[in-house]
Structure formats: C-alpha cells, structure tokens
Amino acid sequence: MEVGGVDVSFTNSALWMVLVIAGATLFLTLGMQRRAMVPGRLQSMAEMTYELVSGVVRDNVGSAGRPYFPFIFTIFIFVLFSNLFGLIPYSFTVTSHIIVTFALAAMVWIGVTVIGIAKHGLHFFSLFLPKGIPIALAPLLVVIELISYLVRPVTLSMRLFANMMAGHTLIKVIAGFVVALGLFGVVPLVVTSAIYGLELLVAVLQAYVFAILTSLYLNDALNLH
Amino acid sequence: MTGEDRPLDLAKLDARLKKAQEAARARDPEAQPGRMGNSFGLGMGMRVGTEMAAALAVGGGIGWFLDRWLGTEPILLLVMLLFGLAAGVKGAYSAAKLMAAKGEDGSQGPVSKEERRWVFSYPRRTRPKATARLNSSRSIA
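The listed protein sequences correspond, in order, to chains A and B.
Quick note on our numbering: the first sequence kicks off at 1 and runs consecutively.
Quick note on our numbering: the second sequence kicks off at 1 and runs consecutively.
Next up, chain A with everything else stripped away, as it sits in the complex:
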C-alpha cells in the first residue's frame, strides 16, 4: 500500500505498536479506575510507574522539567511495553528494530534542541563552549562538544536496539538447541528460562535508562551549565 510514494503498509511492527499502545492504555485506565485510598495491586503498579518517572524527571531536571513530564512518561511507557510485549512468545519486539528506536531518539533530540533554542535563543549555543577554558583551546573543544552532541541520538537509539536485539537473539539461539539435543535439551531449557528472567530485567532497565537520558538531555537544554 502506498500513499504519495511512501510505503504505509500495515506491517506486523505497526500491529504490535497498536497493541502496545492499547496495552499501556488499558493498564493505566484499568489501574486507576477505582482510585482507592489504599490501592490494589494493579493500581499500585500504575502509581509506582507514575512515581518512578516523576522521580526521574524531578531529580534530573528539577521544576523546570515539569511541563515535559507527560512526554517523558509517554516515551517511558511506550518503550517499557514494547520491550515487555516482545517477551511474549511468538510476539514481535518493536524496539528490536533500529529504525523504531532511532525515530524515538531523533524525536527526543530534535525536540530538546528546539526547546533549548526557544528558551535561550542564540545563547543556547554556549552549550558547546565549556565554561572557564582558555580561548586558545576553544576551537578544539567546540568541535568535540559538537560531536558529542550529535552522537546523542545515535547512542540513545543504539543502546535500546542493541539490548533488545542481543537478548532476543541469545534466547532464540539457545532455545534452538533444546530440540536438537534430544534428552540433554533440558540443559538449554533451564538456561533459556534463566536468560528469560534476565531479559525481563533488561526490558525494564532499558526503558528506565531511556527515560533518564531523555531527562538528562532536557536538563542540558533547559539549565545551560
């Protein structure tokens, strides 16, 4: 299916993104439906997710980051649910494709740059000149700072993609041994379940890291040096 020369087919990646968003929406709306004073399990899960991200934004950006909390929370919950849904057998991990993570990271990076320029105008570019250095070193350091700024979307997307990709490949390779080894397949079976537990940790951790780095970049743009 093409619209204006762009391929807009509904792929299984798109299907799983829809499922992820539906899952996240269900989790939060069902969780907060009762609004009990003493929360049940689902409600405290929803509240803990909220407080985790609000803590990340508060600790890393401060009160200036308050207006951007909904954006960071949305990114966090999308990445978290993509990673977790990818662990369901026969499912598809949206975040194991670099174009998806790169689109997320580029969105964050462009957004942060635009926010920085809108807030500080041309003064924003003082970000590339570290404070208190001799003027002779400035040309060198500006280039270095510029590169490390341009690298941000690459590292942000690469980390998430590499973690999800590596974990899934490892699980599939080891799971492939289970049938091939016959009776001794018990060993890779045990290893697979152990790695599965580790992958659960990595899935949550990478979403958390993504949220932390997003708020760190936001902090750089909002509070220059």
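Quick caveat, the hints were computed from the structure, so don't treat them as lab data.
Hints should not be assumed to be uniformly reliable.
Claimed, not checked - Okay, derived cross-link-like pairs now, SDA-like style, lysine to any residue, Cα gap no bigger than 25 Å in a straight line:
1) Lys-119/A x Phe-71/A
2) Lys-12/B x Arg-41/A
3) Lys-97/B x Leu-127/A
For clarity, every value in this text was computed on a predicted model and none was experimentally measured.
Starting from the known structure of chain A, fit chain B onto it as the hints suggest.
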C-alpha cells in the same frame, strides 16, 4: 476516595506497614526501597561502551562527508576520527562520573534540596501514604 476506607483502618494499616518495613530492614539492612540498586550498573556499563563506539563512528562519518564535499581525502576523515575519539572519551568519562555520583549518596543530578521537595502527583489529601513504600511490604499483601 471510597467510603469503605475509615480512618481507623488506615491507622491500623499504617502500623502494619511500619512493622513490615522494619522486618524488611532487619532482613536486609543495605536495601533501599524504590531504588534500582546494583542492576543499574549493567545499563551504565553498556552506556560507556556505546558512547565510545558511536562517537568514533559519528566523527569519522562527518569527516568522510566533508572530505567528499571538499575533495580533501583523507585529511579531514583522519582529523575528525581523532575528534570523535576525544568526544567518545569525554562521553564515557561523563557517564562514569554520573554513575559515581549516583552510587554514593543517592542524590541524583544537579538539583538542589528545595527543588526536590515538590511532587507533581495527585493532591495531597487523596495521595495514599502507603504507595511509595509498598516495595518493602510485600509480606502483608
């Protein structure tokens, strides 16, 4: 707020929570509720690695494009590779510094104490006191 939550029940629950927390602390005095603990080092270690590699690649890429544009092969590629390496080391250094700052006193980032006090969640009166500490009170569930 629902009608079934009487203040008496809440006081009882608070007492039970406190008991459970003390029990949890006695079991594992090092543990801090609500923190990711050592497992966070896994992500940070990965971060240092990707930081170095990606900075080198981006520096080299910029140099390669500038070379093709200006016709100065291979001078700019080499120069920008060196700059990329420097940026990578700087990135790895700041990542490591961040890791050290977070590990020691639990304070994170450049935020002052006053700023940390505000909480942007629901209004205070409906805010359940118990939620934040539920991590350590699994035994009463």
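Hints and how they fare:
1. Lys-119/A x Phe-71/A: With a Cα-Cα distance of about 18 Å, the restraint between Lys-119/A and Phe-71/A holds, given a limit of 25 Å.
2. Lys-12/B x Arg-41/A: holds, 19 Å
3. Lys-97/B x Leu-127/A: Roughly 19 Å between the alpha carbons, so the hint for Lys-97/B and Leu-127/A holds.
Hint violations for this structure: none, all hints satisfied.
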